[in-house]
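Asks: With chain A fixed as given, assemble chain B onto it according to the hints.
There are 2 protein chains.
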Amino acid sequence: MKPFRKSEEEAILNTLGKNLKKLREEKRISQEQLAFEIGLSRSYYTEVETGQRNLSILNLVKITRFLGVELSEILKLEDLKK
Amino acid sequence: MKPFRKSEEEAILNTLGKNLKKLREEKRISQEQLAFEIGLSRSYYTEVETGQRNLSILNLVKITRFLGVELSEILKLEDLKK
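As they're listed, the protein sequences go chains A and B. Following my numbering, the numbering of the first sequence begins with 1 at its first residue and continues without gaps. Following my numbering, the numbering of the second sequence begins with 1 at its first residue and continues without gaps.
The following block holds chain A by itself, in its conformation from the complex (with noise of 0.2 Å):
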């Protein structure tokens, strides 16, 4: 298999962070509720939004439980997959 190129990479997380912001807006949670109410610091909640953190698995499950949301409308497989 390939290894992802950086800018895949890059791009898989910003759709990510993309669409986490777009449903937390939605929902008019600020970035300071969201984290506070899952354990994770403001800052780091911020990199998740703006793409620029890998963020776990787990984390990932927190913060769609909190949301209310699919982890698939999260992730939008078919944006991911290009």
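Take the hints with a grain of salt, since some may be wrong.
[Claimed, not checked] Listed next, the stretches of chain B that the computed footprint assigns to chain A, with coverage defined by at least 3 CB atoms under 8 Å from CB atoms of chain A:
1) 7–18
2) 51–59
3) 65–75
[What the hints assert, rightly or not] In the SDA-like style, the derived pairs of lysine to any residue whose C-alpha atoms are separated by at most 25 Å in a straight line are:
4) A/Lys22 / B/Leu60
5) A/Lys18 / B/Lys18
6) A/Lys18 / B/Lys22
7) A/Lys22 / B/Lys22
8) A/Lys6 / B/Arg65
9) A/Lys22 / A/Leu58
10) B/Lys6 / B/Arg65
11) B/Lys22 / A/Ser30
12) A/Lys22 / A/Ala11
13) A/Lys21 / B/Leu60
14) B/Lys6 / A/Glu70
15) B/Lys6 / A/Lys18
16) B/Lys22 / A/Leu71
17) A/Lys22 / A/Phe66
18) A/Lys27 / A/Glu8
19) A/Lys22 / A/Glu73
20) B/Lys22 / B/Leu60
[Claimed, not checked] Chain A is nowhere near these chain B residues, computed Cβ spacing over 10 Å in every case:
21) Lys21
22) Lys22
23) Leu23
24) Arg24
25) Glu25
26) Glu26
27) Lys27
28) Gln31
29) Glu32
30) Ser41
31) Ser43
32) Glu47
33) Lys62
Hints were generated in silico from the structure; no laboratory data involved. Built from N, CA and C at the ideal position, the CB exists for glycine as well.
Replies: Quick look at chain B alone, frame taken from chain A:
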């Protein structure tokens, strides 16, 4: 939000690992082969399948692409919600 209990985190990672193992075996790919192709160590990948490793979202995407499956298949969303 209630923080995850340790047992719940373990259950999520166990489910994820079992699903990966099942899909990998269905495709008759060895752990060694999968780990090598993706650029992970065999021991790291073994820990993923046994639920001992909270892997990153990028590594999970790499694994699912190599197996040719959707993330949703690996995560078995219904199982994870229990």
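Asks: Does each hint hold? Answer for all of them.
Replies: Okay, the hints, checked on the actual structure:
no.: 1; hint: 7–18; in the structure: holds (count 4)
no.: 2; hint: 51–59; in the structure: holds (count 5)
no.: 3; hint: 65–75; in the structure: holds (count 6)
no.: 4; hint: A/Lys22 / B/Leu60; in the structure: holds (23 Å)
no.: 5; hint: A/Lys18 / B/Lys18; in the structure: violated (30 Å)
no.: 6; hint: A/Lys18 / B/Lys22; in the structure: violated (32 Å)
no.: 7; hint: A/Lys22 / B/Lys22; in the structure: violated (34 Å)
no.: 8; hint: A/Lys6 / B/Arg65; in the structure: holds (16 Å)
no.: 9; hint: A/Lys22 / A/Leu58; in the structure: holds (20 Å)
no.: 10; hint: B/Lys6 / B/Arg65; in the structure: violated (29 Å)
no.: 11; hint: B/Lys22 / A/Ser30; in the structure: violated (39 Å)
no.: 12; hint: A/Lys22 / A/Ala11; in the structure: holds (16 Å)
no.: 13; hint: A/Lys21 / B/Leu60; in the structure: holds (21 Å)
no.: 14; hint: B/Lys6 / A/Glu70; in the structure: holds (22 Å)
no.: 15; hint: B/Lys6 / A/Lys18; in the structure: violated (29 Å)
no.: 16; hint: B/Lys22 / A/Leu71; in the structure: holds (21 Å)
no.: 17; hint: A/Lys22 / A/Phe66; in the structure: holds (14 Å)
no.: 18; hint: A/Lys27 / A/Glu8; in the structure: violated (29 Å)
no.: 19; hint: A/Lys22 / A/Glu73; in the structure: holds (11 Å)
no.: 20; hint: B/Lys22 / B/Leu60; in the structure: holds (15 Å)
no.: 21; hint: Lys21; in the structure: holds (16 Å)
no.: 22; hint: Lys22; in the structure: holds (17 Å)
no.: 23; hint: Leu23; in the structure: holds (16 Å)
no.: 24; hint: Arg24; in the structure: holds (14 Å)
no.: 25; hint: Glu25; in the structure: holds (19 Å)
no.: 26; hint: Glu26; in the structure: holds (18 Å)
no.: 27; hint: Lys27; in the structure: holds (13 Å)
no.: 28; hint: Gln31; in the structure: holds (15 Å)
no.: 29; hint: Glu32; in the structure: holds (14 Å)
no.: 30; hint: Ser41; in the structure: holds (15 Å)
no.: 31; hint: Ser43; in the structure: holds (18 Å)
no.: 32; hint: Glu47; in the structure: holds (13 Å)
no.: 33; hint: Lys62; in the structure: violated (7 Å)
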